[in-house]
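There are 2 protein chains.
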Amino acid sequence: MNFYPGPSKVYHQVKDWLNEAYETDILSIQHRSQKFMDIYESIVKNLQEKHNIPKDYTIVFTSSATECWHILNDSFGSNNFSNINSYHFFNGAFGKKWFDYRKANYPKTTFGIEFGINEELEDNFFQQIPQNDYLPNIICLCQNETSNTTQISQKMLSEIRQNRQNDFIFIDATSSWGGQNLNFNDADAWFTSVQKCFGLPAGLGIMALSPNLIDFYRKNSAVFPTNDIVYNRYNQLSFLIEKANQFQTTYTPNVLNIYLLSKVISFVPSISITSKKIEKRANHLYKFIERNYYHLLITNTKVRSKTVLAIRLMPEGVENIKKKAKKEDIILGNGYGSWKEDTLRIANFPQHTDIEFERLKEFLK
Amino acid sequence: MNFYPGPSKVYHQVKDWLNEAYETDILSIQHRSQKFMDIYESIVKNLQEKHNIPKDYTIVFTSSATECWHILNDSFGSNNFSNINSYHFFNGAFGKKWFDYRKANYPKTTFGIEFGINEELEDNFFQQIPQNDYLPNIICLCQNETSNTTQISQKMLSEIRQNRQNDFIFIDATSSWGGQNLNFNDADAWFTSVQKCFGLPAGLGIMALSPNLIDFYRKNSAVFPTNDIVYNRYNQLSFLIEKANQFQTTYTPNVLNIYLLSKVISFVPSISITSKKIEKRANHLYKFIERNYYHLLITNTKVRSKTVLAIRLMPEGVENIKKKAKKEDIILGNGYGSWKEDTLRIANFPQHTDIEFERLKEFLK
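From first to last, the protein sequence lines are chains Y and H. Numbering of the first sequence is given in UniProt numbering, commencing with residue 1 and proceeding in unit increments. Numbering of the second sequence is given in UniProt numbering, commencing with residue 1 and proceeding in unit increments.
The reader is advised that the hints may include incorrect statements.
What the hints assert, rightly or not - Cross-link-like lysine-lysine pairs, in silico, DSSO-like; alpha carbons within 27 Å at most:
#1 H:K322 <-> H:K280
#2 H:K35 <-> Y:K340
#3 Y:K155 <-> Y:K50
#4 Y:K323 <-> H:K35
#5 Y:K302 <-> Y:K361
#6 H:K327 <-> Y:K35
#7 Y:K97 <-> H:K15
#8 Y:K276 <-> Y:K361
#9 H:K35 <-> H:K45
#10 Y:K35 <-> H:K15
#11 H:K243 <-> H:K365
#12 H:K97 <-> Y:K243
#13 H:K45 <-> Y:K243
#14 H:K35 <-> Y:K324
Simulated from the structure, these hints should not be mistaken for lab results.
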């Protein structure tokens, strides 16, 4: 039983899907073929239906969520966008990494606002950002910070959207998209990777872009080339969008993982059902953990993640419990970054079953 | 039977390896775990043993050969390397794309030298390049141009290496590494992707870098950071090398494909054996095609690729033969770029069996 928060457990159906992929020659199809485009299109339709992604959002595949950070940083940091300020609100390792990468490349327009792991993002955080009718800002948020198991609530995201109509909001939802019911209208760019809440092997990122953002990009791009003009980069936003509109990618992608994604997204129920289950199980687990005298890393119940939980222990305790768990064939997640030594993380992803959590609870008792 | 020159046929063992990957939980392993590092290390050792890659070369994984173009262009085109000239010799679509990408980003230091598809690269081509003891040039070659089925012979590569001791040679070997016996000492950077001569599903690139190149990069990099310093990009060369030295990657990679690579590279014989077989089969096929009154796209026997062949027909003939082939469950490769309409391409990769070629010949008769 693998409770690592990604790469994590995969759906047990993955085995059959891998065999199907082999038997139906998916492993050999051209990424410019109709068959590939049909698979891509079916994913888009199912994401719209099951995850409520607005129909006018564009779905792009990348190699990872990490690549998405760079695509967004570069697309809205250089050339005609070099006067756009990007404000990064973070309280953990992944939000900070995204900020660090942008700061390293575009130092003059990148601002980091750190908040505490038990602190709720509030409207006054955003009042520091100068608002301007003619020049939008970018607001970067990590909806679910996998490193310290905190989240920004959907309610807060909607408030930010309401209050920052002129700005563009980019959201890293790596460990929540697919597990939580997110309102995609509340941001202009969302991204994730499939080894978390999609229950698939690693090697694929997904990005959803709003029509407003694409429109702004088109209008202000130095070049939004037609087919005749050379693109600067294979993962340049204009090129990614052009190909996504044809249900294609800009280079030979991880076709197998895209196929697996088409299978998993046609297999899972609507996100409202999944999300309710995940939340209920998370709340139950949090209570169970406290009842059994463990400390939780996150004490403020309002900012606790629903998809990843962290138990805080003395470093020796962490080692001890991991060793014991291993004997019972239970893999617990290490801590991350500043919390590497004294926390254990537990993924609560849709592919995990209730029976697995019953066994985990038995073990933790 | 799939003769498309990549994505192409995969080894039939891939089916078992996929099942093994599932059964042994490879799909869920952490990319920082010992298990992952062991897999990575085993690939490096087997590449050294079976493909004769020098032990002091560094092996890096990327998402694709396309990404390798960009990594090399950016690493040796910007910052402290902005005075390094890059000379691109090409006769087809892929060599030109690599050149175009560099030209678009670093126009002042990028030079393209186009040659004919039936022309052999000769020493006098290189005499145009100013040689300089203090400032090396970069020479970019496409050893096997998949788009028009030409190759630069290993003999020529050795000559270029001999004559250009001060320069760095970068070689795109996307559709030949794994099928041809290449002398890796003859260049400083080599790259490929696994859906060609490795017989695997798409989604992984491999790059081999010489110690000379890495040394030059280290000495001249503005920053070759230690762990404490933030890297600019997740696919920055310094970061890739640092992680490769630990048998790790800079981000969550396509672990499944890396596992499949470890299986295929431990399964295949030494490249000298594979290469002889491929060459013999290619020569035989070329003769067969001509004997049956087909035109070959490449008339100069000296520059004909061993791993990809192209038949030239009237556009109607191409359509006709593809339709007929489909009925017999034979997939032939489309033409590419300028040769899209009037050629058919046939992959001659190690994963293709002699029986498949016997059937293809029967069909072509």
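Quick rundown of the hints versus the structure:
Proposed proximity of K322 (chain H) and K280 (chain H) is supported: the alpha carbons are some 26 Å apart, at most 27 Å. For the suggested pair K35 (chain H) and K340 (chain Y), the alpha carbons sit about 20 Å apart, so the restraint of at most 27 Å is met. With a C-alpha separation of about 20 Å, the suggested pairing of K155 (chain Y) with K50 (chain Y) holds against the 27 Å cut-off. The suggested pairing of K323 (chain Y) with K35 (chain H) holds, with an alpha-carbon distance near 17 Å, which does not exceed 27 Å.
This hinted pair checks out: K302 (chain Y) and K361 (chain Y) have alpha carbons roughly 23 Å apart, not beyond 27 Å. Taking the CA atoms of K327 (chain H) and K35 (chain Y), the gap is near 17 Å; set against the 27 Å cutoff, the hint holds. Distance check on the hinted pair: K97 (chain Y) and K15 (chain H) sit about 38 Å apart at the alpha-carbon level, beyond 27 Å; violated. A hinted pair counts as satisfied when its Cα atoms are at most 27 Å apart, and K276 (chain Y) with K361 (chain Y) qualifies at roughly 20 Å.
A threshold of 27 Å between alpha carbons decides the hint, and for K35 (chain H) with K45 (chain H) the separation of about 15 Å falls inside it, so the pair holds. Of the supplied pair hints, the one linking K35 (chain Y) and K15 (chain H) holds, its CA atoms being roughly 21 Å apart against a limit of 27 Å. For a cut-off of 27 Å, the pair hint linking K243 (chain H) to K365 (chain H) is broken: about 52 Å separates their Cα positions. For the proposed pair K97 (chain H) and K243 (chain Y), the alpha carbon gap of about 17 Å is at most 27 Å, so the pair holds.
Between K45 (chain H) and K243 (chain Y) the alpha-carbon distance is near 38 Å, which puts this suggested pair outside the 27 Å criterion. Taken as a hint, the K35 (chain H) and K324 (chain Y) pair is honoured in the structure, with Cα atoms around 20 Å apart against an allowance of 27 Å.
Checked against the numbered hints listed earlier, the structure breaks hints 7, 11, 13; every other hint is satisfied.
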